[in-house]
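J.: Model the full assembly from the supplied sequences, consistent with the hints where possible.
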Amino acid sequence: MPTGFSGLLTATVFLPAVAALLLAFGLIRGDRNIRWFAAAVAAADLILSVIVFALFQPGGERFQLVDRFDWITTDTVQASYLLGVDGISAPLVMLTGLLGLCAVFVSFHISNRVREYFIWLFVLQTAVLGVFTALDFLLFFLFWEIELVPMYLLISTWGTGRREYSAMKFLIFTILGSAFMLVAIVAVFVSAGVGSFDMTRLLEPGGALDASRAALPMGVLFWLFFIAFAVKLPTWPVHTWLPDAHTDAPTAGSVMLAGVMLKMGGYGLLRINAGMFPEQLQQFALPIVALGVISVLYGAVVTMRQTDLKRLIAYSSVSHMGLVLIGLGSVAVVGGALTDAGLTGAAMQLFTHGTITGLLFVAVGILYEQTHTRHIPDLGGLANRMPIVSGAFLIAGAASLGLPLLSGFVSEILVFFGAFRAFPALTILAVLGIILAAGYILWMLQRTLFGPRPARWDDLTDASPAELVPVALLVISIVAVGVYPAWLTEVFRDGLEPIVSGYNAGLAGISR
Amino acid sequence: MLTEILVWAIFLLPVASFLLIGLVIRPLGPAFAKSAGYVTILALGIGFILSVWLLRSHAHGAVYDFAPYLWLNLGPAAIEFGLLLDPLTNVMLVVVTGVSLMVQIYSMGYMDGDESFARYFAYMSLFSASMIGLVLAVNIVQMYVFWELVGLSSYLLIGFWHDRPAAAAAAKKAFIITRIGDVGFLLAIIYLFFQADTFAAHGLNALHIPHIWEAAAPVAAGGAGIVAGGALLWLCLGLFAGAAGKSGQFPLHTWLPDAMEGPTPVSALIHAATMVAAGVFLVGRFFPVFAESETAMMVVALIGAFTAVFAATMGLAANDIKRVMAYSTVSQLGYMMAALGVGAYNAALFHLFTHAFFKALLFLGAGSVNHAAGTFNMMYMGGLRKAMPGTYILTVIGALSLVGIFPLAGFWSKDEILLESWLAHGPVPASISVLVFAMLLVGVLLTAFYSYRMVHLTFHGEFRGGGERELHDTEASGQPAPTGVSHHVHLGESPLVMLIPMGLLGVSAVIAGWLANPIGVSSFLGIPSHWLTDYFASGLHDGHHAPPFNIAIAVISNAVAVAGIGLAVLTYAWPRPFTTSEPLSKGGPLHTLLAQRYYMDDLYEGVIVGRVFYRAVAAITDWIDRNIVDGMVGMVGWISRNIGSLLALAQNGQVQTYPLIAAAGGLLIIVLYLALG
Amino acid sequence: MWFEHLVFWVLSVVAIAGALGVVLVRDLFRAALMLATAFVAVGGLFVLMNAEFLAVVQILIYVGAIAVLFIFAVMLTRDVQQGNAPNRLQIPAAVISALVLAAMIATAVSTDWTTLAGAGLEAKAQLAQTQAVGIPDATDLTSAGLTPAEVESVSSGGLADLLIGNFVLPFEAVSLLLLGAAIGGLALARGRGR
Amino acid sequence: MSLESLLIVAAIIFCIGLYGALARRNFIAVLMSVELMFNGVNLTLVALGRYVAPYAVQEQLSAVFTGQVFAVFIITVAAAEIALGLGIVFAVFRSNESVDLTDAATLRH
Amino acid sequence: MTAYDLYLVSPYLAMAALAMLVIVADLVTRRTGLLVGLSFVGLAAPAALSAWQLVDLTGSGASELSAEGSVILYTLSIDRFALFFNFLILAAVGLVVLVSNDYVRRVERLQGEYFGLMLLSATGMMLLAAANELITIYIALELTTLPLAALAAFLPNARSSEAGMKFLIIGAISSAVMLYGMALIYGFTGSTRLDEIAVVLAASPQSGILPFGSMAVLLAVVLLLTGFGFKMSAAPFQMWVPDVYEGAPTPMVAFLSVASKAAAFALVLRVFYIGFDALGGDWWVLLAGLAALSMTIGNLVAIAQRNIKRMFGYSTIAHAGYILVGVAAVATVSGESATFGPSSVLFYLAAYTAANLTAFFAIVCIGNRINSDEIEDYAGMLRRAPFLAIALALALIALIGVPPTSIFIAKIYIFAAAINTGESLMTWLVIIGVVNSVVSAYYYLRVIKVMFLQPAIHTERLGGSWPVNVALGVAALCMIWLGVAPGIIVTAAERAAVVLLAGG
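Keeping their order, the protein sequence lines are chains H, F, E, Z and D. Take 1 as the starting number for the first sequence in the working numbering and just add one per residue. Take 1 as the starting number for the second sequence in the working numbering and just add one per residue. Take 1 as the starting number for the third sequence in the working numbering and just add one per residue. Take 1 as the starting number for the fourth sequence in the working numbering and just add one per residue. Take 1 as the starting number for the fifth sequence in the working numbering and just add one per residue.
A portion of the hints provided could be inaccurate.
Now the stretches of chain E that chain D is said to cover, found in silico as 3 or more residues with beta-carbon under 8 Å [unchecked claim]:
| no. | stretch |
| --- | --- |
| 1 | 101-107 |
| 2 | 159-167 |
| 3 | 177-184 |
Hints were generated in silico from the structure; no laboratory data involved. Keep in mind that this is a model prediction, so the values were computed, not measured. All C-beta atoms, glycine included, are put in the ideal place defined by N, C-alpha and C.
T.: Structure, rendered in structure tokens:
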């Protein structure tokens with residue numbers, strides 16, 4: 001049971017919340033000051049999150065930088081304030097810090113209710129960071145739910161189009177998903193031999209949760225958790241909130257939504273479904289991978305028909321997040337030293353998709369600021385007028401379609417490597433998805449950036465310096481991961497090691 | 001250590017050049033654009049020198065074995081980036097850097113004044129780096145990485161003039177079609193990884209190329225025999241799919257003619273000399289694996305031979321000079337594939353070597369012509385011989401080399417392919433090998449025909465108006481003007497900066513074949529007979545040696561070539577000179593079929609992608625998504641709202657309704673209790 | 001015994017008839033009179049069951065106070081003649097009431113009340129009940145066959161004793177209730193600060 | 001006169017009251033009907049106290065009075081309820097000029 | 001009656017005395033502020049007395065106060081359970097009194113009566129939580145209900161009168177029905193004391209065919225539940241709720257929605273967990289069914305509402321359903337977790353009190369100023385009254401069950417109790433519960449949406465007097481406090497719930 005209180009994680013998680021409070025009490029006044037204050041806070045949080053990542057030592061304790069104190073201690077309920085990072089969460093914390101800063105910079109042009117906007121953005125960031133670091137189920141769920149409120153308000157207040165509908169849809173879907181999770185958490189909690197919300201106890205191989213004494217059948221628990229995370233991920237057929245929410249969200253909202261909030265689903269799948277229910281994951285690997293493959297192909301096919309840039313990216317996210325499921329299902333066959341490839345790929349996919357889609361949305365956001373349209377047929381030939389934005393688009397697009405030396409490739413190939421051992425035929429189908437990805441990404445680039453430029457776009461200007469920051473940061477991270485992925489994969493592998501060793505040690509016999 | 005650095009430098013110099021141009025020179029603005037060209041040329045020049053040095057020292061017995069660097073730790077199948085310096089690599093390096101250097105120099109003239117001059121050289125550097133990386137790769141994933149980057153560079157360069165819709169579309173098409181092949185490649189890699197544990201049991205790394213060779217070799221031959229039988233066949237077919245995509249083999253050839261939308265030097269470098277040869281390189285790289293599977297070799301041979309003929313027929317009816325060359329390239333790549341298929345490893349690579357020079361030359365010639373005539377459409381050219389004699393001579397040399405006329409470079413390599421397929425010493429059955437030979441011979445005939453047609457239409461006869469006239473005509477018929485057409489018509493020779501590289505390539509096209517692989521003498525200038533082919537063969541375990549020169553085959557092939565030229569002369573020049581109407585169009589449906597490229601583009605884009613996929617599959621899925629998957633969500637909301645309203649109706653305000661319903665509820669509870677126990 | 005039976009039947013019929021009159025007669029004033037009749041009949045039934053004290057309370061409070069209150073109320077509001085019209089829920093209400101009645105009768109009949117009863121205790125209970133309004137006499141009780149423990153139980157728990165003994169709390173609470181009802185009723189009837 | 005017959009008479013009175021409470025339009029009539037229900041309950045209580053209740057709790061003969069005590073309280077509370085009810089009757093009458101429950105149905109849905 | 005008896009009933013006596021004092025004070029002075037102050041400060045007396053009793057309980061280590069020869073203890077159980085509700089009800093009534101400060105100025109006269117009735121009703125509620133005997137329960141219930149009926153009709157308008165009338169009629173009919181059930185129980189067991197009832201029922205032969213062993217008990221339980229159902233506002237006995245909520249004075253509705261409901265659940269817990277302890281296997285299914293019905297009906301109908309008070313009427317029905325889940329969770333596991341179900345109910349009630357009072361206080365303030373309870377009139381409230389809007393929004397979020405608010409913990413607690421029973425039916429009930437929470441998000445958020453996103457029609461700023469703001473602030477803080485640090489209340493609830501199991 002990890003104990004201690006170093007305070008670093010608490011600071012990282014709550015710095016944005018404190019900033020939000022400062023803003024809420026009106027200590028910072030004037031839109032300009034607020035923007036720069038926000039940028040400073042986000043930058044500080046990025047630095048903190050990078051420090052978290054840097055201080056995390058692979059090969060050390062499983063959970064590091066732990067902050068813990070008792071929260072609720074009664075006869076029936078025990079919960080603690082327990083933050084900590086392992087190899088799975090440390091990179092995601094950094095990702096959140098990175099995208100948080102990007103979100104602030106792409107929001108510089110916001111002029112409507114600036115103060116409230118940044119308050120909600122910061123609350124959102126705290127919530128997401130909390131989800132990634134919380135190691136107590138109650139705390140985890142708390143952060144998981146808090147995140148809804150700012151996102152809902154960001155979409156419905158600062159969004160575009162049918163924003164209220166989309167925000168509501170986002171909310172209802174997510175709450176529906178988390179409702180299932182609540183049942184599961186409660187059931188785990190009341191299971192004999194558990195009696196607390198401490199995740200670390202449950203995560204140990206052969207942990208506290210015993211199938212014979214669980215309050216609900218393990219399979220049921222598994223699916224309850226799965227549904228919650230699948231909605232967030234999102235998986236076909238519960239993905240339909242995503243295109244609407246993405247399309248109508250403000251740029252920063254889309255960046256955070258696609259960049260980190262979808263990752264909460266994948267993180268949950270890795271942390272809980274893979275970590276606590278190894279046997280169930282193996283048992284149900286086939287349907288999960290099938291869902292993943294359907295998501296990949298279905299998402300890609302539907303993407304082909306989209307004419308709204310953000311909608312297109314949103315559907316491509318559905319397609320890409322399907323890979324996480326495929327990677328997850330790769331543990332159907334265990335044994336050998338290669339069990340972790342699929343899981344590592346899934347984890348990598350979380351990170352890489354975060355940066356790639358983040359960059360795509362940043363680019364679309366800049367584009368939209370200038371053109372006020374995202375309708376692809378209205379656009380064209382922007383490459384000459386906006387070389388930087390176009391370059392960002394191009395890099396993100398190339399990364400998105402899995403081009404090597406950009407980050408997307410690494411996660412894709414790892415997922416395929418892992419999954420092929422378990423489900424060769426399904427994996428081949430999923431690999432076909434990369435052709436479709438090339439199709440829609442290139443189609444989008446062609447229609448948007450290339451070809452003749454309608455005369456009305458002659459006066460466009462390129463990204464402003466403030467907008468350049470997120471572009472640069474994200475491009476650097478995409479290239480950095482792509483060119484030398486080991487600095488990230490090794491951390492992920494360290495986080496997945498206990499899970500994988502659990503499979504290898506206890507379950508090698510099941511391998512088909 | 002120093003050696004290793006020098007080898008890496010061949011790769012890293014263009015990388016540095018790319019970064020320098022992209023991050024420094026280009027942001028500085030057009031004033032500094034020119035320096036981008038010099039940087040690139042410098043990088044490639046040094047690279048070329050180093051490559052030659054490497055080839056020479058390696059051929060003289062220097063052994064290079066550098067430890068690879070860990071890129072991604074995957075346990076037993078760790079992905080390690082390193083250098084694989086075997087004859088194939090070394091020769092390819094020389095070709096890539098050499099041709100690239102020539103093309104860059106030429107580009108200094110050709111691209112002069114283009115507003116994106118720096119961007120062009122950035123892309124070119126990127127391409128060179130990727131291609132060199134591909135050639136150097138020791139790990140199959142590393143190879144795939146650069147394989148894809150080469151594809152990206154190609155995409156960027158085809159779409160270089162991205163404001164032209166045709167260029168943007170062609171770039172996309174090129175990328176997607178090659179990607180279809182790449183899926184095969186990727187699946188092959190995935191399959192290899194799947195076997196990682198088995199490899200590891202033998203102390204091998206499943207992704208390390210030399211280990212893969214070893215694994216494919218049967219135990220009897222001293223290998224590990226891990227991959228065999230059906231799996232081996234599928235592995236080979238996967239790799240070949242990738243190769244076919246890149247090298248434009250049937251049925252993935254349709255992108256290459258369209259790729260001519262890019263700047264002409266790009267076509268010369270990428271879509272003639274280097275990148276498209278990557279497919280051949282890939283099969284060559286895994287030749288020890290392919291060689292173990294007879295079926296795979298048969299597939300390679302037959303597809304190659306078929307492509308050689310098939311593409312050549314389309315070359316007969318094309319009017320765009322660059323497209324003719326593109327078909328010609330596809331056809332020649334078919335020769336190389338066929339050669340690999342029949343086991344003529346060194347002949348195939350030898351042809352790759354010579355082809356790089358003469359095809360690059362032909363393309364540069366086409367660019368030069370375009371500079372003068374303002375169009376690529378041969379129907380608007382004619383009579384340029386007088387205006388640009390240098391270009392004319394060099395183009396004729398290139399064309400003859402292409403046709404395979406003794407003693408030009410093309411002759412030597414093509415002759416060896418024909419010879420070996422006739423001799424049928426390879427792993428494929430003799431009947432197949434001879435069939436391949438016959439098909440290739442037909443290819444020679446066709447090659448000769450379209451080559452003469454191209455030269456004739458371009459340079460002979462009277463000038464037919466050039467770009468100006470074409471623009472006038474297209475305007476009249478209300479169609480958009482094709483790429484590369486401009487009012488800028490000035491009949492005159494190109495500048496020296498363009499002619500000199502052409503000249504150098506011309507010299508190579510004449511002598512390279514014989515010089516590099518002298519036949520008939522025991523040695524020439526210290527280069528022994530069959531030096532190149534033997535050098536290639538030394539990279540293989542079983543050391544396949546080229547058969548001795550066969551005069552009969554040489555005579556037959558030259559005769560066929562001359563016959564082809566003769567037919568073309570009869571058609572176009574004599575007795576009645578060509579004016580404006582295409583004599584072949586009298587062929588009626590056949591000509592239409594050829595001119596329409598066997599309708600394969602229509603099949604792919606119009607029917608499969610457009611009708612079946614986009615309008616049917618995608619549209620239906622999209623409809624399902626909007627109406628059924630999403631609709632269900634809406635319906636649940638609608639139902640619950642309306643149930644709510646319905647229930648609210650019972651709330652009619654009449655107070656006694658409430659206890660009434662409550663009493664009914666209470667009674668219902670009792671009934672349920674009694675009924676259910 | 002036949003007399004007792006006769007009285008029971010007469011009182012029952014009167015009570016039921018009065019009740020039916022309350023809900024069926026359209027004239028509210030007459031309905032109120034019917035109600036008083038029913039109250040009196042029920043009071044009679046109480047007497048029949050040896051609950052004389054309760055009968056007195058019934059007459060005093062119900063007939064004397066409540067029924068009169070109703071009559072006042074009826075006279076103060078209008079629609080006296082037609083005021084007792086049925087609403088649209090007549091038929092469902094009848095059905096539901098009939099079903100409830102069926103359930104209650106089924107309960108009364110089907111429940112085996114005797115399983116609870118020890119043999120021969122009825123007489124003792126009757127005797128004990130007479131003490132409700134009188135002073136308990138221990139010797140009388142003993143001679144009637146009650147055990148000393150039962151005598152103790154009865155002696156210490158006459159009805160009035162219970163009211164100020166064990167049930168003193170509800171007894172006090174009901175005074176609060178009356179206070180509250182009076183305040184509320186007054187406040188509402190007086191009209192609120194307009 | 002048996003327990004069952006008494007219970008049945010009580011139930012009949014109770015249900016007549018229930019019917020009246022559900023089916024009358026006039027507020028005062030409803031209040032009267034409710035009083036009938038209370039009478040039914042009282043009758044039941046007294047009857048059960050008279051016949052069966054004491055036997056359940058051995059040696060607690062005073063339990064026989066509990067029913068009567070209960071009835072006394074019910075009567076008292078009923079009186080209070082009527083007092084308040086009539087207050088509300090006047091309040092309703094003052095605002096609606098009627099004590100018809102079917103008219104007083106503005107709060108709905 | 002001994003002095004000890006007086007000590008035992010002293011909190012109730014103090015409350016009653018306070019009620020009368022306020023009424024008398026009104027005759028002397030007409031200053032609203034004074035009445036509010038008196039009512040509020042006066043609550044210190046019963047609170048202190050309850051605290052004294054609590055200290056005595058802690059000192060003795062027993063779960064209830066007892067004494068030889070005490071007549072009060074025949075009808076009341078002065079135990080932790082009762083005291084838990086004493087404090088809960090006192091807190092609720094205190095805050096409602098403060099919030100009434102602005103509201104009662106509408107009724108110029110009779111302000112003393114307003115507060116007096118409210119305090120009397122609170123006395124009844126406190127008694128209800130302590131009552132362990134059917135007659136006392138009945139009296140306490142009526143003492144709770146009748147003053148509330150008077151309060152519902154307190155406003156001089158037709159809607160208020162109608163609300164009062166409906167409340168009275170429903171209350172009377174349900175009382176009658178419940179009384180019939182009590183009569184049957186009395187007849188069947190010979191006693192009106194819950195503990196004696198439990199002994200007799202445990203000893204009586206259980207017929208294998210009939211639930212509850214006999215038709216009489218079955219009918220009695222159903223009839224009792226019908227009566228209690230009205231007070232709990234559980235479906236299908238809930239239909240009066242929205243009408244009364246809409247028409248009655250808002251502070252009274254706030255009081256009704258939390259205190260009355262809490263007392264009703266206290267009653268249900270006592271009657272079922274002590275009286276019908278032996279029949280747990282039969283009645284939990286019924287309660288589970290009512291829970292599912294209440295949640296579903298409440299939430300579905302609430303979606304269609306346009307009046308916020310009415311919407312909250314349906315909301316309260318839904319929450320009754322959630323709480324019933326906890327009541328139905330009769331623990332089949334022995335040991336520490338046996339108190340899971342009832343203690344979760346107690347905690348939920350506390351959590352719900354805090355959240356719902358916050359919401360209603362905001363509604364009181366807003367409604368008092370804009371003279372409307374239509375949701376659409378709340379447009380732009382964030383601009384007009386940021387404090388009120390944010391408090392209301394937080395309360396709405398709490399009511400959905402989103403952390404970090406009181407009801408989040410409460411829901412977890414109650415669902416844990418349900419799953420803990422190990423009955424698959426209860427697991428389904430939990431799933432119904434969570435799905436219902438999702439549905440509820442829809443209408444709660446709509447209010448937030450209107451307040452936060454829609455432009456205001458009027459622009460003048462709104463606000464309440466300082467007592468109102470204090471009440472609102474305290475309620476909101478409690479709501480958050482219970483969500484962030486629920487430990488103390490959970491412990492209190494656990495210890496209070498032990499009482500229910502000690503008897504059985």
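J.: Could you run down the list of hints and mark each one as holding or not?
T.: Structure-based check of each hint:
1. 101-107: Satisfied; 4 residues make the cut.
2. 159-167: holds (count 3)
3. 177-184: holds (count 6)
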